[in-house]
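Enquirer: Chains as they are written, first to last, in this note's numbering: chain A, 1 to 106; chain B, 1001 to 1113.
Keep in mind the hints are simulated off the structure, nothing from the lab. Please note that the accuracy of each hint is not assured.
Derived DSS-like pairs: lysine-lysine, alpha-carbon spacing no greater than 27 Å straight-line [stated by the list, open to error]: (1) B:K1014 to B:K1057; (2) B:K1009 to A:K101; (3) A:K105 to A:K68; (4) A:K98 to B:K1009; (5) A:K98 to B:K1057; (6) A:K55 to A:K98; (7) A:K55 to A:K105; (8) A:K68 to A:K53; (9) B:K1009 to B:K1057.
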Amino acid sequence: KNEVEQSPQNLTAQEGEFITINCSYSVGISALHWLQQHPGGGIVSLFMLSSGKKKHGRLIATINIQEKHSSLHITASHPRDSAVYICAVIPGNLIFGKGTKLSVKP
Amino acid sequence: NAGVTQTPKFQVLKTGQSMTLQCAQDMNHNSMYWYRQDPGMGLRLIYYSASEGTTDKGEVPNGYNVSRLNKREFSLRLESAAPSQTSVYFCASSGSSYNSPLHFGNGTRLTVT
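Looking at chain B on its own, in the form it has when it is part of the complex (with noise of 0.2 Å):
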């Protein structure tokens, strides 16, 4: 009854460095997104997946790239990081419907000095 695992669940790096946050569900959901938040504003959307093999630009997505491996997996990299990108990470997923619930990953938190 795992859900949404996201990982790692902190990290800090310096200004260039490059790393990867993984996730993955197990609820067969189609929908993947990798939001962050940052004090004072809501969650924003920088990719998200509508389906396997598929993915598209969110709100914010310039510094990052992302996977979708599989159905299961999907995958946020920084290439070179900067200190704007100091929030927290959160991956979610949910079924192919509108109206299907969000289920969201633990989140990692993330500095980069």
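Bound conformation, chain A alone (with noise of 0.2 Å):
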């Protein structure tokens, strides 16, 4: 069973692009986390979520809670974006999706 789906698995990108990641659920949730994995492998969180939208520099996080969908966007991308971005939903405990692999090239 999937109950996070993860929308590219792999994305590669020339610098400056707009990128978008989606998330899809099929479970209720009282909220959702974006996550980033680097390179290294530490796992840094972005964004948590329950509606609308956030914004944090040039990541931009929006949920719809009625699609149970989410979408993580990337304005002008960069290199150094080149990571793992992780959705997981909060129905009790976390639920993670397997991540999308996302390669910025300059």
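Assemble the dimeric complex from its two separately framed chains, guided by the hints.
Expert: What follows is the structure in structure tokens.
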């Protein structure tokens, strides 16, 4: 069972491109996290949201609770954005997606 | 400003050996978690502790035990390591509210031969 689906699994972009990563889930949730896992393995929390939209620098996260869908957007992408982006939902304990591996080429 | 400190970073064990992974946080968080991350799979919850003195099983608890020693520390023990436990292990912590952000340790890469 895949309660959290992310797309695409892999994404290659040129520096400067606008990037969208999608997360769909099948369970009722109270909140959703977007996480970033660096090539070295460390995991950082980017956003936590339960409705609407949040923005931090070049990153924007949106969620549509009715449609059970969230998107993470990166504007003006840069090679340092290369990482695995993970969506996780909270129906109780966190359920994680498998991640989207982003590579931004200079 | 340490956040979540996890040790060791790397470990190689032989089948049947035991070890304890240590985790400590300095953010006064009530909730702490142990996850494992395997290729092609999302992070999976092994055990969690919602508060000092309580622990609960997650999705994949078999072969592991945990101790919430105090509010700061949450350790994970492998009593008799198996090759299937080769993985990257992450400790995390968060505040009590469901909308509290997660803070992760840097991970432990464990290989069981």
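Enquirer: Does A:K53 lie within 27 Å of A:K68 when you go C-alpha to C-alpha?
Expert: 14 Å, holds
Enquirer: Given the proposed pairing of B:K1014 with B:K1057, does the C-alpha separation stay at or below 27 Å?
Expert: 25 Å, holds
Enquirer: Does A:K101 sit within 27 Å of B:K1009, going by the straight-line distance between their CA atoms?
Expert: Satisfied, since the Cα-Cα distance of roughly 23 Å is no more than 27 Å.
Enquirer: Between the alpha carbons of A:K55 and A:K98, is the straight-line distance 27 Å or under?
Expert: 23 Å, holds
Enquirer: Hinted pair, alpha-carbon criterion (27 Å max): A:K55, A:K105. Please report holds or violated.
Expert: It holds: about 24 Å lies between the C-alpha atoms, which stays within 27 Å.
Enquirer: Measure nothing beyond the straight line between the CA atoms of B:K1009 and B:K1057; if it is 27 Å or shorter, mark the hint as holding.
Expert: 24 Å, holds
Enquirer: Within 27 Å, alpha carbon to alpha carbon, are A:K98 and B:K1057?
Expert: 21 Å, holds
Enquirer: With the threshold set at 27 Å, check whether the alpha-carbon distance from A:K105 to A:K68 stays at or below it.
Expert: Violated: A:K105 and A:K68 sit about 31 Å apart, past 27 Å.
Enquirer: Holds or violated: A:K98 and B:K1009, Cα atoms, limit 27 Å.
Expert: 23 Å, holds
The structure is inconsistent with hint 3 alone, although it conforms to all the rest.
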